[in-house]
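Let the sequences and hints guide you as you build the complete structure.
Spelled out from the first residue to the last, the chains are:
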Amino acid sequence: MATLQLSNITKRFGDTEVIKGIDLEVNDREFVVFVGPSGCGKSTLMRMIAGLESASEGDIVIDGQRMNDVGPADRGLAMVFQSYALYPHMTVEGNMGFSMRLAGVPKEERRAKVLEAAKILQLEPLLDRKPKALSGGQRQRVAIGRAIVRNPSIFLFDEPLSNLDAALRVQMRIELARLHEELDATMIYVTHDQIEAMTMADKIVVLHDGVVEQVGSPMALYHHPRNRFVAGFIGSPKMNFFAVEQLAVSSDGVVVRLPGGRSCTVPVDGQQLADAEELELGIRPEHLLLDENGPLSGQIKVLERLGGQTSLYVQMDELLITIMADGDVAYRVNDTVRFGFSPERAHLFDAQGIALESLTQHPLAGLTRHDNRAPGQAAVHGAVSPGEQV
Amino acid sequence: MTTQRTSSAPPAVRSLPVKQLLLTLVGWSIALIIFFPILWMVLTGFKTETAAIADPSFIFSPTLESYQAVQARSGYARFAMNSVVVAFGSTFLALLIAIPSAYAMAFLPTKRTKGTLLWMLSTKMLPPVGVLVPIYLIFRDVGLLDTRTGLIIIYTLMNLPIVVWMLYTFFKDMPKDILEAGRMDGASTFQEVFFLLLPLTLPGIASTGLLSVILSWNEAFWSLNLTSSKAAPLTAYIASFSSPEGLFWAKLSAASTMAIAPILILGWMTQKQMVRGLTFGAVK
Numbered sequence: 001m002a003t004l005q006l007s008n009i010t011k012r013f014g015d016t017e018v019i020k021g022i023d024l025e026v027n028d029r030e031f032v033v034f035v036g037p038s039g040c041g042k043s044t045l046m047r048m049i050a051g052l053e054s055a056s057e058g059d060i061v062i063d064g065q066r067m068n069d070v071g072p073a074d075r076g077l078a079m080v081f082q083s084y085a086l087y088p089h090m091t092v093e094g095n096m097g098f099s100m101r102l103a104g105v106p107k108e109e110r111r112a113k114v115l116e117a118a119k120i121l122q123l124e125p126l127l128d129r130k131p132k133a134l135s136g137g138q139r140q141r142v143a144i145g146r147a148i149v150r151n152p153s154i155f156l157f158d159e160p161l162s163n164l165d166a167a168l169r170v171q172m173r174i175e176l177a178r179l180h181e182e183l184d185a186t187m188i189y190v191t192h193d194q195i196e197a198m199t200m201a202d203k204i205v206v207l208h209d210g211v212v213e214q215v216g217s218p219m220a221l222y223h224h225p226r227n228r229f230v231a232g233f234i235g236s237p238k239m240n241f242f243a244v245e246q247l248a249v250s251s252d253g254v255v256v257r258l259p260g261g262r263s264c265t266v267p268v269d270g271q272q273l274a275d276a277e278e279l280e281l282g283i284r285p286e287h288l289l290l291d292e293n294g295p296l297s298g299q300i301k302v303l304e305r306l307g308g309q310t311s312l313y314v315q316m317d318e319l320l321i322t323i324m325a326d327g328d329v330a331y332r333v334n335d336t337v338r339f340g341f342s343p344e345r346a347h348l349f350d351a352q353g354i355a356l357e358s359l360t361q362h363p364l365a366g367l368t369r370h371d372n373r374a375p376g377q378a379a380v381h382g383a384v385s386p387g388e389q390v
Numbered sequence: 001m002t003t004q005r006t007s008s009a010p011p012a013v014r015s016l017p018v019k020q021l022l023l024t025l026v027g028w029s030i031a032l033i034i035f036f037p038i039l040w041m042v043l044t045g046f047k048t049e050t051a052a053i054a055d056p057s058f059i060f061s062p063t064l065e066s067y068q069a070v071q072a073r074s075g076y077a078r079f080a081m082n083s084v085v086v087a088f089g090s091t092f093l094a095l096l097i098a099i100p101s102a103y104a105m106a107f108l109p110t111k112r113t114k115g116t117l118l119w120m121l122s123t124k125m126l127p128p129v130g131v132l133v134p135i136y137l138i139f140r141d142v143g144l145l146d147t148r149t150g151l152i153i154i155y156t157l158m159n160l161p162i163v164v165w166m167l168y169t170f171f172k173d174m175p176k177d178i179l180e181a182g183r184m185d186g187a188s189t190f191q192e193v194f195f196l197l198l199p200l201t202l203p204g205i206a207s208t209g210l211l212s213v214i215l216s217w218n219e220a221f222w223s224l225n226l227t228s229s230k231a232a233p234l235t236a237y238i239a240s241f242s243s244p245e246g247l248f249w250a251k252l253s254a255a256s257t258m259a260i261a262p263i264l265i266l267g268w269m270t271q272k273q274m275v276r277g278l279t280f281g282a283v284k
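Chains as they are written, first to last, in full-length UniProt numbering: chain A, 1 to 390; chain C, 1 to 284.
No lab work stands behind these hints: they were computed from the structure.
Please read all numbers here as calculations on a predicted model, not as lab measurements.
Don't be surprised by glycine CBs; every beta carbon is placed ideally from N, CA and C.
Treat the hints with caution; some may be incorrect.
Stated by the list, open to error - To be clear about the criterion: a stretch of chain A counts as covered by chain C if any three or more of its residues have a C-beta under 8 Å from a C-beta of chain C, and this derived list gives those stretches:
1. 71-82
2. 221-231
To be verified - Derived EDC-like pairs: lysine to aspartate or glutamate, alpha-carbon spacing no greater than 16 Å straight-line:
3. K111/C <-> E93/A
4. K119/A <-> E175/A
5. K176/C <-> D291/A
6. K113/A <-> E93/A
See the structure below:
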């Protein structure tokens, strides 16, 4: 059992408040990802959980015990640092066994535990090497091994993959997900990369300017972002936004006038809207469809062919709209295209940037990474076939 | 392929041999001018007293006469022993005090840390003679005059600012993550310093220690004023050859050569280490 509760956690450096009263619950064996742009306070929050930074206000409770005044080593946590923070003068075995050496564990026992962790991470042939003789990925695994050896109730990862190259990052991502299954541990992971968040998390915590913008499963955040910030941050390429005019509110949704004059009904709850309130419509690039009769149009400024898909950057009035189209579209730069979208894929944001609630819940919104498996199946990254899930 | 390699390879220096030659000449000349007094001293040590005060000449018949005379007059070994004990003792003590201080300043800085560092360095700007009388009186009253302990204390105080300052810069360059990882692994502050900080900053600590040894070894003002016979180090030994009876240049030179030889050899052997330590952080 390992749970974590944060209540009203606040951190001030002098007069600047970097964490502004965060409440959060992390359940046993959950993989929670803190995600946000740099400077949002996610690393500070993790360092406070670790005990490397003190909280100015609020309570940190681990397994029902208040930990604010307990030292980092006694909280039952282990942390993997962005820089790996390996001890350069010790061998891999020395690095992994350091905590036990400090605790006075006999040498044989230490070795046995290190070997056990090394086996999980395929580090056995490297035990006698110094960190400088290892590759980036190997160093990363040693850092994880050092954490495993401590047998913590909660693992903390502070941007562990950001120093790796793209290919290795994907590989380590899979390995971390596998490790989460194998160790059955609670993990908290900090990243600025929303792809890491989407692929690994059971629960994503989106942070911005020291406050939690939204907490939810990856699919919930993708399909039902609570506000404009989350909508823009989750999903790649970024969601398109443009201003629309509010025409009418009915039980079917909100009728808006799109740029170009045509109207459409977005199925969201608009009962709270003020008359003629300024609205913004958000639509993801992958939900925009090229359509000769579509309501929107613009001129292609840049065209990026990725093979399977093509990104079109389309100038629409003042805005540059991104469209993810099929890989084989025949358009060229400077062509004019017409495009549209199905209204249930659109998001409407009020003048404060708060999303209007969708009238229908997306069928996958409650899905967590664990649900991606059929019962008894251990694979982590099997393809989701929607038919089974819904 | 070959043409390509040669076209990209030649460094700028090769293309200007004249300039290179000139620079080398200037460099060597400056080095020689700086080194000349020491060379002359070494040569004079091998002359007779008469040859030493005669017209300067490189041509003479070398003799060990002065060295024998110097040895006969007073035991070099005793002074050398004092120098060793005082230089290494004060360095050890300075490091013992400076490591925790530099740790605190580097890893737990407050808004007054920078000011404290500058203040410490500013004490080096005060002429030592300004505090000679009070220190002399204190030493006399507590019985530290002409003791190795007294000299060790004075040298420690003298070198502390520079030792703390240097260690501070080395510690500042140490990645904080590593110490934090240690803390997560359960290291106490002492274990953190002993198992992680010290091994990882050893090159810096070594060069700081070397500098402190050299500064203590060469120090003359305090050793001349606070010691007379028992605790007198080599600097006092040299000075004892310029007596009211007149200057004995050959003997003085022989004594000086013997006094600086150990530290010169130490410095020469650790040259690489010193340069690396002193430019650590500056060139990265």
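List of violated hint numbers, smallest to largest: Failing hints, ascending: 2, 3, 5.
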